[in-house]
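S.K.: Listed below, chain by chain, are the residues.
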Amino acid sequence: MDTQEYTIKQISVFSENRPGRLAAIAHALEEEKINIFAFSIAEAKGFGVVRALVDKPDLAYKKLTELGFMVSFTNVIAVRMRDEPGGLSDIARIIGDASINIEYAYAYSGRDAAVLILRVDHVEDAIRSIRAAGGDLIRAEMFT
Amino acid sequence: MVRAWDPRIESMPKDELEKLQYRLLKTLVYRLYSFSPFYCRRMKESGVHPDDIRELGDVAKLPFMVKSDLRDNYPDGIFTASRDELVRYHVSSGTTGKPTVVGYTAHDLENWTTSLARALTSVGLGRGDVVQVSYGYGLFTGGLGLHYGAERIGATVVPTSVGNTERQIELMQDLQVTAIACTPSYLLHIGEVAEKMGVSIKNDTQLKMGILGAEPWSEQMRKRMEETMGIAAYDIYGTSELSGPMFTECTEQQGIHIWGDLALTEIVDPQTGERLEPGERGELVFTILQKEALPMIRYRTGDITMMDDAVCACGRTHPRIARLSGRVDDMLIIRGINVFPSQVEHVLMSIPEMGEHFMIVVDRKGSLDTMLVQVEVSREAFSDKITDLMNIRAKVVHALRSILNVNVDVELVEPGSLPRFEGKAKRVVDKRVI
Numbered sequence: 000m001d002t003q004e005y006t007i008k009q010i011s012v013f014s015e016n017r018p019g020r021l022a023a024i025a026h027a028l029e030e031e032k033i034n035i036f037a038f039s040i041a042e043a044k045g046f047g048v049v050r051a052l053v054d055k056p057d058l059a060y061k062k063l064t065e066l067g068f069m070v071s072f073t074n075v076i077a078v079r080m081r082d083e084p085g086g087l088s089d090i091a092r093i094i095g096d097a098s099i100n101i102e103y104a105y106a107y108s109g110r111d112a113a114v115l116i117l118r119v120d121h122v123e124d125a126i127r128s129i130r131a132a133g134g135d136l137i138r139a140e141m142f143t
Numbered sequence: 000m001v002r003a004w005d006p007r008i009e010s011m012p013k014d015e016l017e018k019l020q021y022r023l024l025k026t027l028v029y030r031l032y033s034f035s036p037f038y039c040r041r042m043k044e045s046g047v048h049p050d051d052i053r054e055l056g057d058v059a060k061l062p063f064m065v066k067s068d069l070r071d072n073y074p075d076g077i078f079t080a081s082r083d084e085l086v087r088y089h090v091s092s093g094t095t096g097k098p099t100v101v102g103y104t105a106h107d108l109e110n111w112t113t114s115l116a117r118a119l120t121s122v123g124l125g126r127g128d129v130v131q132v133s134y135g136y137g138l139f140t141g142g143l144g145l146h147y148g149a150e151r152i153g154a155t156v157v158p159t160s161v162g163n164t165e166r167q168i169e170l171m172q173d174l175q176v177t178a179i180a181c182t183p184s185y186l187l188h189i190g191e192v193a194e195k196m197g198v199s200i201k202n203d204t205q206l207k208m209g210i211l212g213a214e215p216w217s218e219q220m221r222k223r224m225e226e227t228m229g230i231a232a233y234d235i236y237g238t239s240e241l242s243g244p245m246f247t248e249c250t251e252q253q254g255i256h257i258w259g260d261l262a263l264t265e266i267v268d269p270q271t272g273e274r275l276e277p278g279e280r281g282e283l284v285f286t287i288l289q290k291e292a293l294p295m296i297r298y299r300t301g302d303i304t305m306m307d308d309a310v311c312a313c314g315r316t317h318p319r320i321a322r323l324s325g326r327v328d329d330m331l332i333i334r335g336i337n338v339f340p341s342q343v344e345h346v347l348m349s350i351p352e353m354g355e356h357f358m359i360v361v362d363r364k365g366s367l368d369t370m371l372v373q374v375e376v377s378r379e380a381f382s383d384k385i386t387d388l389m390n391i392r393a394k395v396v397h398a399l400r401s402i403l404n405v406n407v408d409v410e411l412v413e414p415g416s417l418p419r420f421e422g423k424a425k426r427v428v429d430k431r432v433i
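Residue numbers (numbering that gives the first Met the number 0), protein chains in the order written: chain U, 0 to 143; chain B, 0 to 433.
What the hints contain is simulated information worked out from the structure, not anything from laboratory work. Quick caveat, the model's predicted, so the values are computed rather than measured. Cβ atoms here follow ideal geometry from the backbone N, Cα and C, with glycine treated the same way.
One side only, chain U facing chain B, incomplete, derived with CB under 8 Å:
1. PHE13
2. GLU15
3. ALA41
4. ALA43
5. GLY45
6. PHE46
7. VAL48
8. ARG50
9. GLY67
10. PHE68
11. MET69
12. SER71
13. THR73
14. GLU102
The shape of chain U in the complex, shown without the other chains (with noise of 0.2 Å):
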């Protein structure tokens, strides 16, 4: 199976914990005719990170570090839900029973579907269990 279809790249960005920040990045994707389809705020002492789900990651990279932040992209997996009480429990079950360890996830609830976001360790193997064990992957194309 070809894992990198279900493979989708995430940008992050470093960002200090102070007014305007958030403003200022979605200030330049807005510039850029960026779409956002998921985005999080993580944050520790004094700094976050800003993690989203965009349908031009190369250009937001681009953009983004240009304007001096700092940039990364990581590969995350998208599961689809049913968005019914429940929904979350069943992904949660076929996560825990593949034994993937989840570093962080995130959720947005969409028209068609509920999505969970998430970064594992090992994304290929989290890929073949997840789709084995009955998950509703989504392509990455679906971000584009």
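Knowing the structure of chain U, use the given hints to seat chain B on it.
M.R.: Same frame as chain U, now just chain B:
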């Protein structure tokens, strides 16, 4: 013992050296008490008489001299030689007020030259070497000091002074220069210009050594220059108040040998003036034991270093001082502990994940001082995982705390967000209202 200019003096047993220092100190103090109105008044004010000097350690009873003593007595108010005994003046630039003038008798110049003859021999220079002196010639002591020192040991001097770098590089090649004496930043500049000219210092010149000083530099800079230029780089120390550049490391590169028969070295707490033990960092204080025109007793250099009194692996018995780690003027006192911005820089440079830019913010919460170090993470080290970033931060906190002995908070900031400096960096913001 390895080759030395004056083996008898340089490897003199410590107890003999100290006896010699005591004798010279005693003579000096009596002479100044009798003939220097300035120093006689100083001694009376601090209630000390030459008879109170009964052993070498009694030097601590004597009052300090500071730079403003020279400035306030501009130009020659505290000279102890008559004008017709003087053979030279040097004048230091007055960046912070009036300049200071140093006068020399023939004997003073002789001691200065001797000091450098010993130093240059200790790094392996001698007859057959060609020494390019790229320190400024003129009122500044660097050029002429090195010039006469190198001539004394039989080396050939190329007195290029500073400037016209391309010509310096051509001469370096054509005259087969083996050693250069200049500031570390000028040598870096020479390296860059040479590269543009298509000249590799390492492969296309005979250069094997740099005698570098007159400004602060780091061990990292030394390693970089030694590797890229294929040279050995030695630290040199001196200030115009002492005569000029006088002392260097030996080939061991384990500290700068201070010739004990010429200078008595002390390290004192910059706040209290109390003497510190070898290995403790503090302000470097010199007593020049044999100066005629402008004797300096317990002169506070403002330079921060520590002393090593052990016999060097080269066999020389004279005490050594470590590479300077800052100026007293830059020192911060955090909860009673002395902290130097250069220590922070040193710690950060040893951590690969850290960028080169940082700021120190000092504040006071209630009655307690706080110290915050803001540092830019290097782009290569940026990880999407919060835990990785937290680990980097913890590593910096730990390293700073163990070196500074002060509780430090560390903030990782975005690259490019800290101020950039041209020339002297101002990396400290002290918000304390005292």
